[in-house]
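Produce the entire structure from the sequences given, and follow the hints as far as they go.
There are 2 protein chains.
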Amino acid sequence: MPDKTLRIHRAAGRSSVNRRPVMLAIAGDSAAGKTTLTAGLVEALGPERCVSLCTDDYHRYDRAERQSLPFTALHPDCNHLAIMEQHLQLLASGQPVLKPVYDHSIGRLSHTELLEPADFVIVEGLFPLYSKLARACFDVTVFLDPHEQTRRAWKVERDARERGYTAEQVLGELDLREPESAAYIRPQRQHADIVVRFAPVQGRDDPSVPLSAELLLRPTIRHPDLSEVMQPGVHRAMHLELERDTDGRPVDSLHVHGYVDAEESIAVEKAIWASIGEPERCAPECLGGIGGGERSEPLAITQLLLLHHLIEAGR
Amino acid sequence: MPDKTLRIHRAAGRSSVNRRPVMLAIAGDSAAGKTTLTAGLVEALGPERCVSLCTDDYHRYDRAERQSLPFTALHPDCNHLAIMEQHLQLLASGQPVLKPVYDHSIGRLSHTELLEPADFVIVEGLFPLYSKLARACFDVTVFLDPHEQTRRAWKVERDARERGYTAEQVLGELDLREPESAAYIRPQRQHADIVVRFAPVQGRDDPSVPLSAELLLRPTIRHPDLSEVMQPGVHRAMHLELERDTDGRPVDSLHVHGYVDAEESIAVEKAIWASIGEPERCAPECLGGIGGGERSEPLAITQLLLLHHLIEAGR
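Heads up: the sequence lines are chains A and B, in that order.
Counting from 1, one number per residue, gives the positions in the first sequence under UniProt numbering.
Counting from 1, one number per residue, gives the positions in the second sequence under UniProt numbering.
Please keep in mind that the hints were generated in silico from the structure rather than gathered at the bench.
Source: prediction; values computed, not measured.
A portion of the hints provided could be inaccurate.
[Unchecked claim] Cut-off 30 Å, straight-line C-alpha distance, at most; resulting in silico cross-link-like pairs (BS3-like, lysine-lysine):
(1) A:Lys4 <-> B:Lys132
(2) B:Lys99 <-> A:Lys4
(3) A:Lys99 <-> B:Lys99
(4) A:Lys132 <-> A:Lys99
The structure is reproduced here in structure tokens:
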């Protein structure tokens with residue numbers, strides 16, 4: 001149980017020379033929105049206080065090498081997971097790592113990079129919650145679980161724009177990856193403190209209506225008290241429900257509809273800040289950005305909730 | 001001192017002789033039923049596989065010394081909590097400890113004792129979940145939270161029988177301890193995976209009806225799937241409900257009424273064993289013993305659930 005040793009060491013406190021950073025994991029399948037979610041958090045905290053790491057950098061093979069292999073990038077054997085675990089442990093104990101860098105635009109491992117832990121370290125990728133030892137490194141864990149049709153559309157658009165694929169190639173790759181996604185990526189969902197699901201609002205699939213977010217808040221960490229601001233009838237576009245997750249476990253489900261208006265958002269944002277003792281503060285303006293100057297209010301609320309957890313864990 | 005941490009780890013090694021035990025915490029106030037719960041588990045697993053430790057042994061002062069102190073045994077300053085934490089870490093990493101022994105019958109620290117960790121280590125007492133470091137040592141955590149009138153009656157009876165107090169002395173001591181119980185003991189409840197509440201069945205306070213148990217099962221660990229055996233209407237004396245805990249957190253609440261009959265018990269016991277892959281097994285007969293040859297079915301179910309978690313964590 002090396003995970004327990006690590007938990008003991010991390011719990012032993014921050015009095016060491018190497019101050020231990022707060023670690024956030026954002027796991028999810030390809031094009032689930034991990035980078036967008038991460039970018040807003042890094043900008044809100046400031047790059048001098050918050051660094052991020054993508055576990056795709058631990059790919060064992062280049063894109064060309066993968067062509068002849070019997071598995072995709074979603075297979076554990078296609079990644080240096082033992083080194084990823086080692087680097088997560090080093091970062092969690094306040095030490096720097098020299099890490100590889102995978103360049104998605106050319107599909108190659110290009111160089112190495114020194115990463116020194118700041119106050120906050122965000123680790124996003126396919127595998128941050130894959131093993132018990134990796135999970136023991138984190139203070140807060142998130143799994144991004146968007147509606148599958150939404151994710152496929154995001155992946156086609158992003159891979160065509162940034163990685164030089166055709167739509168047919170991306171859809172073919174998605175089908176090829178599906179069994180490995182089911183076997184290795186999606187099971188990480190059960191280990192997340194927060195599961196985030198972006199999806200079209202049911203019955204309102206007009207593409208001009210922004211996507212909604214459903215946040216499953218597991219009581220594995222202490223969430224801000226939203227019961228007052230979420231009283232039935234008080235807010236139309238956000239509500240909190242006691243539910244069972246797909247595996248039967250009790251969970252709080254926070255629904256944030258895409259058509260939420262600014263007044264409602266601000267009330268919830270204030271409640272979240274109040275829960276960390278800063279009732280007058282408003283969300284940083286950088287939250288909610290989805291590229292091209294567009295903004296998603298459900299994404300902003302999601303990011304604010306994660307900021308809350310990062311700040312609380314750092315106290 | 002990351003260098004020292006590393007040296008210690010390398011010296012300890014993965015394949016070391018010190019196999020790390022599964023650790024269970026049972027926290028709760030005085031006379032909450034911790035020893036009774038523990039005794040059945042140790043008997044079921046066998047003393048060669050399971051040892052127990054009481055954190056009362058870390059009292060800093062004898063009963064006589066405490067008379068002149070401005071706090072009771074429930075105050076952290078009245079206990080060697082840093083040493084308790086150190087011993088928990090040593091045990092969690094598979095190492096033996098030489099621990100003090102507090103003899104309740106005479107109210108004195110009497111001698112020391114070598115405790116070598118077996119496959120399972122049960123730590124019961126006032127403080128096992130008090131600090132983050134202590135909590136990091138455990139695989140499964142329990143808080144005993146009996147109905148307060150029940151606990152007071154248990155304490156009067158036990159302290160008069162075993163510790164030479166009069167009923168008046170015990171009731172006076174309970175009043176004296178109340179603020180420290182509220183400040184230091186009861187807050188540990190929030191950190192338990194399972195909260196166990198023994199209480200008279202409401203509206204059936206005939207003392208001949210055995211106490212019921214309410215088990216709050218937090219999704220911080222994976223509980224056995226009882227949804228099938230607990231379908232509404234199938235069982236009268238046991239039911240599982242999705243609830244909010246007193247602090248608002250989502251939780252499963254398993255009610256086991258004191259008048260549960262053997263047939264119902266056996267169905268639930270089989271479901272629990274089935275969830276660890278032994279569907280034909282029945283509960284060991286030693287479970288449920290409450291002294292004097294008496295037996296409590298709700299206690300037996302509680303102990304069986306904990307056995308499930310110990311065995312699962314050891315796999």
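Practice prompt. Compare the structure with the hints numbered earlier in the document and write down the numbers of the violated ones, lowest to highest.
Written response: 3
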